[in-house]
Amino acid sequence: MVTPTDDHAGTAPSPPAPRTLRTDLRRAFEDSGSVGLGAYPMGVAFGVLVAHSGLPWWWASVFSGFIYAGSLEFLFLGLVLSTTPLASIATTAFLVNFRHVFYALSFPLHRVRGRVGKAYSTFALSDEAYAVTAGEAARSYPGRRILWLQVFIHCYWAGGATTGALLGSVIPDGVKGLDFAVTALFAVLAIDVFRTRRDIPTPLLALACALVARFVFPGQLLLAGFALFTAGLPARYLLTREERTRA
Amino acid sequence: MPDTGYLIAAVATAVAVTWALRALPFALLAPLRSSPLVVYLRKVMPVGVMVVLTVYTLRDFDPHLPDRAWPTALALAFTVVLHLWRRNVLLSIAGGTVVHVLLASAVFG
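In order, the protein sequence lines correspond to chains A and B. If you're matching positions, the first sequence starts at 1 in this note's numbering and goes up one per residue. If you're matching positions, the second sequence starts at 1001 in this note's numbering and goes up one per residue.
Wrong hints could be hidden among the right ones.
[As the list claims (entries may be wrong)] Computed from the model, here is a short list of chain A residues facing chain B with C-beta under 7 Å:
| no. | residue |
| --- | --- |
| 1 | G65 |
| 2 | F66 |
| 3 | R99 |
| 4 | V101 |
| 5 | T183 |
| 6 | F186 |
| 7 | V188 |
| 8 | V193 |
| 9 | V216 |
| 10 | F217 |
| 11 | Q220 |
| 12 | L221 |
These are computed hints drawn from the structure, not numbers from a lab. For each residue, glycine too, the CB sits at the ideal point set by N, CA and C.
Same shape as in the complex, but just chain A:
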């Protein structure tokens, strides 16, 4: 999930206070606030969808607590409901979450101590956790503050999903079309990432790939669409590089 956040990191020059557990906890809680406002309601939306899918409510807690990757979970729910083969689930997870690979370039994992701490810190390296630690200031945070920050965000998401699943059972069955939230989520995220670069050929290439996949491989839209797109990108990279060198 990509949620716009205010970077508190840059605006909080920490006075030289004693590094107590309480200080780290309080700072982590403050840092997590802005993304919490986005993560919690999004979790609720996911939980409502789980409840409406007919699965028991606690699967919302299991999905959100263990997979802990917002946009993948919305897709995942649809995939498991149609008992999609595990290989397709793995491919989808790979492609949807591939962006996390790049978080390693700047996330301050070196501040986190111990094997268990590092293991949890990479496990819980969600978009939100990355967003609040992407600032220069976070590179000097105590490891404990980073870990607690991640725990808080994890709790907002899983707590939101559980709340939504429990509330969702209350929504009457006559209410149809809640699953549009997934379409809206991806359309909105597409607009937001487009805004950061204003590169028109890439979304057009992706749209063409997806539509070709939709009509030529209707049963394998996701796989075929991503395969065409990821093959098209290096091709376009080579073409535009040729143009650049010729110019």
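With chain A fixed as given, assemble chain B onto it according to the hints.
Below, chain B alone, put in the same frame as chain A:
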């Protein structure tokens, strides 16, 4: 309805892939950091992935079924316009979904 064994295997698969993508690059990515293709992919992939996923969620869109097609088309247009105007992720998703539910349940339902 999928059975519990399948669901557990599916969750485990998604967790393994996601965690690997988050953890392994700390060890593996350092030498590729300056590769121009990696830099290029990092910049252009996200928007394309989101577009493919949007189309995927619309895969059952069928203009021959107006009772279902109209709510989807109108709600999508509403979501996009609302987002371009207010730039608020939660507001756009909630607004689009409410419009879709109203159209699908009450107007065309």
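Hint numbers not upheld by this structure, sorted from lowest to highest
1, 9, 10 and 11
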